[in-house]
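Undergrad: Construct the entire structure; sequences and hints are all you get.
Top line first, the protein sequences correspond to chains E, V, L, Z, Y, C, F, A, B and W.
Position 149 of the first sequence, counted from 1, bears residue number 217 in the numbering used here, the numbering being contiguous throughout.
Position 13 of the second sequence, counted from 1, bears residue number 81 in the numbering used here, the numbering being contiguous throughout.
Position 6 of the third sequence, counted from 1, bears residue number 74 in the numbering used here, the numbering being contiguous throughout.
Position 11 of the fourth sequence, counted from 1, bears residue number 79 in the numbering used here, the numbering being contiguous throughout.
Position 23 of the fifth sequence, counted from 1, bears residue number 91 in the numbering used here, the numbering being contiguous throughout.
Position 19 of the sixth sequence, counted from 1, bears residue number 87 in the numbering used here, the numbering being contiguous throughout.
Position 26 of the seventh sequence, counted from 1, bears residue number 94 in the numbering used here, the numbering being contiguous throughout.
Position 130 of the eighth sequence, counted from 1, bears residue number 198 in the numbering used here, the numbering being contiguous throughout.
Position 91 of the ninth sequence, counted from 1, bears residue number 159 in the numbering used here, the numbering being contiguous throughout.
Position 159 of the tenth sequence, counted from 1, bears residue number 227 in the numbering used here, the numbering being contiguous throughout.
Any given hint might turn out to be false.
Unchecked claim - Among chain Z residues calculated to face chain V with C-beta under 10 angstroms, some are:
{"hint": "1", "residue": "Gln-129"}
{"hint": "2", "residue": "Pro-130"}
{"hint": "3", "residue": "Lys-190"}
{"hint": "4", "residue": "Arg-194"}
{"hint": "5", "residue": "Gly-196"}
{"hint": "6", "residue": "Asp-231"}
{"hint": "7", "residue": "Arg-233"}
Just so you know, these hints were derived from the structure itself, not from any lab.
C-beta atoms are modelled at their ideal positions from N, C-alpha and C, and glycine is treated no differently.
There are 10 protein chains.
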Amino acid sequence: MSGRKDDELPSVSHLGSEQTTYTFDYDPSLLETFENNHPNRDYVVKFNCPEFTTLCPKTGQPDFATIYIRYIPEVNMVESKSLKLYLFSFRNHGGFHEDAINTIMNDLIDLMDPRFIEVWGKFTPRGGISIDPYANYGRPETKYEQMAEQRLLYHDLYPEAVDNR
Amino acid sequence: MSGRKDDELPSVSHLGSEQTTYTFDYDPSLLETFENNHPNRDYVVKFNCPEFTTLCPKTGQPDFATIYIRYIPEVNMVESKSLKLYLFSFRNHGGFHEDAINTIMNDLIDLMDPRFIEVWGKFTPRGGISIDPYANYGRPETKYEQMAEQRLLYHDLYPEAVDNR
Amino acid sequence: MSGRKDDELPSVSHLGSEQTTYTFDYDPSLLETFENNHPNRDYVVKFNCPEFTTLCPKTGQPDFATIYIRYIPEVNMVESKSLKLYLFSFRNHGGFHEDAINTIMNDLIDLMDPRFIEVWGKFTPRGGISIDPYANYGRPETKYEQMAEQRLLYHDLYPEAVDNR
Amino acid sequence: MSGRKDDELPSVSHLGSEQTTYTFDYDPSLLETFENNHPNRDYVVKFNCPEFTTLCPKTGQPDFATIYIRYIPEVNMVESKSLKLYLFSFRNHGGFHEDAINTIMNDLIDLMDPRFIEVWGKFTPRGGISIDPYANYGRPETKYEQMAEQRLLYHDLYPEAVDNR
Amino acid sequence: MSGRKDDELPSVSHLGSEQTTYTFDYDPSLLETFENNHPNRDYVVKFNCPEFTTLCPKTGQPDFATIYIRYIPEVNMVESKSLKLYLFSFRNHGGFHEDAINTIMNDLIDLMDPRFIEVWGKFTPRGGISIDPYANYGRPETKYEQMAEQRLLYHDLYPEAVDNR
Amino acid sequence: MSGRKDDELPSVSHLGSEQTTYTFDYDPSLLETFENNHPNRDYVVKFNCPEFTTLCPKTGQPDFATIYIRYIPEVNMVESKSLKLYLFSFRNHGGFHEDAINTIMNDLIDLMDPRFIEVWGKFTPRGGISIDPYANYGRPETKYEQMAEQRLLYHDLYPEAVDNR
Amino acid sequence: MSGRKDDELPSVSHLGSEQTTYTFDYDPSLLETFENNHPNRDYVVKFNCPEFTTLCPKTGQPDFATIYIRYIPEVNMVESKSLKLYLFSFRNHGGFHEDAINTIMNDLIDLMDPRFIEVWGKFTPRGGISIDPYANYGRPETKYEQMAEQRLLYHDLYPEAVDNR
Amino acid sequence: MSGRKDDELPSVSHLGSEQTTYTFDYDPSLLETFENNHPNRDYVVKFNCPEFTTLCPKTGQPDFATIYIRYIPEVNMVESKSLKLYLFSFRNHGGFHEDAINTIMNDLIDLMDPRFIEVWGKFTPRGGISIDPYANYGRPETKYEQMAEQRLLYHDLYPEAVDNR
Amino acid sequence: MSGRKDDELPSVSHLGSEQTTYTFDYDPSLLETFENNHPNRDYVVKFNCPEFTTLCPKTGQPDFATIYIRYIPEVNMVESKSLKLYLFSFRNHGGFHEDAINTIMNDLIDLMDPRFIEVWGKFTPRGGISIDPYANYGRPETKYEQMAEQRLLYHDLYPEAVDNR
Amino acid sequence: MSGRKDDELPSVSHLGSEQTTYTFDYDPSLLETFENNHPNRDYVVKFNCPEFTTLCPKTGQPDFATIYIRYIPEVNMVESKSLKLYLFSFRNHGGFHEDAINTIMNDLIDLMDPRFIEVWGKFTPRGGISIDPYANYGRPETKYEQMAEQRLLYHDLYPEAVDNR
Ligand SMILES: [Ca+2]
Ligand SMILES: [Ca+2]
Ligand SMILES: [Ca+2]
Ligand SMILES: [Ca+2]
Ligand SMILES: [Ca+2]
Ligand SMILES: [Ca+2]
Ligand SMILES: [Ca+2]
Ligand SMILES: [Ca+2]
Ligand SMILES: [Ca+2]
Ligand SMILES: [Ca+2]
Ligand SMILES: [Ca+2]
Ligand SMILES: [Ca+2]
Ligand SMILES: [Ca+2]
Ligand SMILES: [Ca+2]
Ligand SMILES: [Ca+2]
Ligand SMILES: [Ca+2]
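TA: Okay, structure coming up:
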């Protein structure tokens, strides 16, 4: 089998590991990175995460969402199994939907120092209303900051139809 | 359970409350806010509200719509259960579709003083025709005013197919 | 214009009437009939009614549903505008979803004495769960009673996917 | 070009004709037939007709529907262009939805004397409610009569979702 | 019932009227207006009209389309029931698809003098090909003229899939 | 508000209660019932539950599913808020998908002694494969036992397409 | 590579052949078979063929359809590349839609002597109407003859929606 | 019938003609025009053509595509029946997909001298891969040239999902 | 965490194991079982497997399919990770589509001795045609044999639309 | 048959060749080109490739994706059969999803020296998360470099819904 060598992946501990322990208390230290092989190019990685669940801070009731994460890497790239473990760690965490999306974005900025990142959550309804928060970020004083502003400007201009069924 | 503390949520009276009373006469005082934890960042919150119903001002007949509300907060954020109660208060209210959308937006501007807001209603057909009003707002003399103009410019450029079934 | 003559429609008072008054308290007397022109044939009429709303008996909160009604007429057929007015009369009525569907079916049996009838409600979710009650009826001691039993047997064998969005 | 010869198609006057005149008053004499080449076999022909429009008998308002026609031929088969002209002839005709479907089926029985036939109309909503009548027929005292009864028994057991948009 | 008062609606004669007469010869005088309550704000009203039918000018054959109309009001707003009657008046009118869309837009400009308007027709196929004309307009010498040019520039950039079924 | 009276609902403690506590350890005692108002009729209640999550018994990893529950009541009917709490109690429970579906059905049989019940789970994929277990039950020695056998016979005959996206 | 050996495939000349010549005149001799490895079991093979085109016998205009073929083999199975060549040979052939479906079924019966076969064509519309013929066959005097009758009885009971777009 | 007069349509010979002959060898002379009634306005006409078929230049195998054509007229507009005949004339023509799209656009530029035009083909897969070529054109040295460049820049930014089924 | 104990799962070696080796040569010995906890009940387990790939026996070209497997267990149930490994082992295996489906079913019968099983493959097109083989099995001389016959009788009666995109 | 001549295709060796050998080790030398007939025009060719499979570099497990490739040619255009063979050569290759997309784009830049190119992969989920990498390129110091930057800026602004089923 050709391709990436194991010694290129020293910082990846979860993927293919013998034994994975799942943590259900919010823990950003679960996140791990590997190195970008194409740092001279601007390109995009997107994660579709339809299995996100957390707890309502006021009632303790479980909430459910699909989280979409999209970024342009510089040096560090988040490893997807560690991202899974990190998202699982919200399972017993309480927070408003709007806070969850900002927290996830902040943690990924701390981890990767990406050129650009955006996080979009689409939650299932409570009381007949569903909430979809969206946040983004571009490195200050770079063109990526303008990218973030542009994408916020045109965000969700053509929204999906939602009928609660 | 980690996350938001109760003492951060003093202005939220409906969510998780013992006893909710439902009002079916238009009442903007039902709206409540909580405080934005991320005021230094421009980000978006969207509400999908497919359970909106009001009355035709001329005939008294019930009308039905899905309302999409999307805004960028400054300090105050509308609490979703209070938004639900507010939208329920249109239940016995009469008004043209175009007025309802403007009223909802005006009330949310008064409540939150948001940086940007937009409200889109998609009504079910009467006489074979359905009406979808859309209004938006950006704070005067800021970049959000231009955002509102840009989003109006590109609004609904790629509309959904509607076949009345 | 050829077709049905006005004097064939004496019992129809709502359709095309000058002035319609809408009642929002449950009132089965709103239902009206016209006469079946094809009584020697078994055939089917189905109504799709996506604009049904009522109140939760415990909390007073509005509930929303699509109601599907399907029947085989004998002599009397329910006129569709009167059906609309009747369904509107549930607007301020409280009841469990399961009771609403049984009530609608009972009222239509009283009105039309149909050979066969079935009523299916598909409600929007509350607390992440949606409820879809279904009831049917065939005239006792006729083949339509067996039809009802058969259709219950195979009811919803291939259900729609529901994801609360 | 191989295939059917022109002299096999003597009764077909509309298809490929020089000049078609469109009649908008109900006229079953527009229907034409050609001969079934496979009379020893039971097989099915279905027509999908989404361009049907007629007038409400009470208000004169246009109504719109998709009509599905499906039959097993014996000797005569309805030619599709003549079927189009016939359906166009309802354009200025007034009638309840339930009558239109029975009329179309009766005319096609008179024309073709088919072994089996069924006609299903799906109309666009009026007052938030749409009506879908269905009728069928099998030759009396044959197995096709039982086919009709069976298909009525299982008709529309898994109905399409209708949300008026 | 709160909301719009009847004396605000003097120019609206069709809505809720006793007796509606339907005209099937092209008649722009059917169009009526009511007054915009929010003239200081740019906002949008869209009509979805899937029940449009007219006649081919060459063959007399009926044609069918869904018409989408979208505008920004100044003083006058088209009342939706009068729009329905106006669109019905094309029923026996002959014209190329491209002309119908321009005619509708011209009539609505004459009626309302809107800031901006666009009209899009999506016709069913003839000979395996379907035609979708689109026209728009912004008041000359205003920013709305540039809006029209921008929206034409990006019109239908991501077209729906069409497979004639 | 007309309809069900509070004193008809003595056994319902969760719905509209002041304070709900959420349990995430499997607890069938959370289930509550109310009384069937239509015991002389066979009719159906279906619950759509897209917010089900549990843990893999071997790896501890969260699993996600939509659960469909459908039953014919005799005397006792499961109250939907208590069903929600019960399904939430699987949140930290480990079990194979096949066992979860059997457990849910067994608990509901114990609770309600229904005439008929069926439970279908549709899980998200693990390793590229998703699992959909289905179980049903009819009261022994009654026609409902045959109903169960018939519905198993024809279960999922026309399965949904699954492509893991 | 394990699996079928070349010497098991002596009758297959088109698949993987050096040079394929395409014939556009109807030619059933193009069809080839290979031998069924599982003759003791009743199982089904279905072909989805969305690239079928032929000519109208009256006007010479091209017609387009998707053809669905489904059979239970005995000894001989039709090889799929030869089926493709055979269906291509209708390209310049004239015939009514109903005849094409019967011809295809007859040729496949002659070729394979299958236990059961059915052929369904779904054509694109002409003049706003589309035609979907269906024929089937079971070996006379066997249970497969009853299978054919049963499947005809329940054929297309829940038809797809067709709107010509 | 009001509308376009026959003497406005002198150049249209195919539409409604007595006898149409179909040519299956590439022939751009089949294209005909009629005159634009609204030359002072920039507006758009789009053709959806899902019944396009041609031959592979290397293997002779039939290829299938949907062609989308969209243009802004100046004086001449292509008549849709003549467009149909022209597209049919590719039936026995061999060419790479990329060439077909360029040829169609070149021929329509020669015919109409439009202000702007674009042609998009979506072909069915060969060997598991499908090809979608797109070309556009704006009159040199006009704003339409910039329109073409802009639309190329944003072309297919949000592509449809393709899974070969 | 409550639920299944590890000592109930002695025969499961792949799930959660330290190190998985993937085999790409057909190897039915990869399949493993665990014991059915509900042997007294007839219930169903279905696997959706959209990531199946094998090689054409004649050309060596990769083929792709979604495999649907559905069975009623007796004592042994196939463990899903071992099923994944088994299906991966077809990766470099050559065989006709029809043979693959029969092989998979035969291997699962040998492994589990189930009461009933069925296997359906839906392959992507080659040469414009796609093949969907289906086989099933019920234990000889039991009611499950009749179940298999019934399900074959009604198999794919309402097929999905396939358009090769 | 008119169209491209064989002597225009000297560099194309795979298409229509007698015997194709499939390589499952990564081999960019499989790629072949033919010459662009329209070099003076900027136009687009897109490939939809839903049958891409590779191996995880860490676990050896097969991964599956749909690859979308879109470019503007200068002189050389990639021949589609050679592209298929090239993509097949990833079958036994190990690599992170992000690397695969960059590798494919780099190889196509080396092969064709295109004006612009972009490559988008949409992978099936592992551990509940799916990854969609996207890269693009425009010739340095040309307007195509700006095109690449613009398309990255607006990439995936309106993402598809993903629910892992
Ligand atoms: Ca849904
Ligand atoms: Ca929905
Ligand atoms: Ca619709
Ligand atoms: Ca959904
Ligand atoms: Ca709908
Ligand atoms: Ca379609
Ligand atoms: Ca899917
Ligand atoms: Ca999906
Ligand atoms: Ca539709
Ligand atoms: Ca379509
Ligand atoms: Ca359609
Ligand atoms: Ca798909
Ligand atoms: Ca597809
Ligand atoms: Ca498809
Ligand atoms: Ca498609
Ligand atoms: Ca899905």
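Undergrad: Please go over all the hints and tell whether each is borne out by the structure.
TA: Hint by hint, here is what the structure shows:
no.	hint	verdict
1	Gln-129	holds, 8 angstroms
2	Pro-130	holds, 8 angstroms
3	Lys-190	holds, 7 angstroms
4	Arg-194	holds, 8 angstroms
5	Gly-196	holds, 6 angstroms
6	Asp-231	holds, 8 angstroms
7	Arg-233	holds, 6 angstroms
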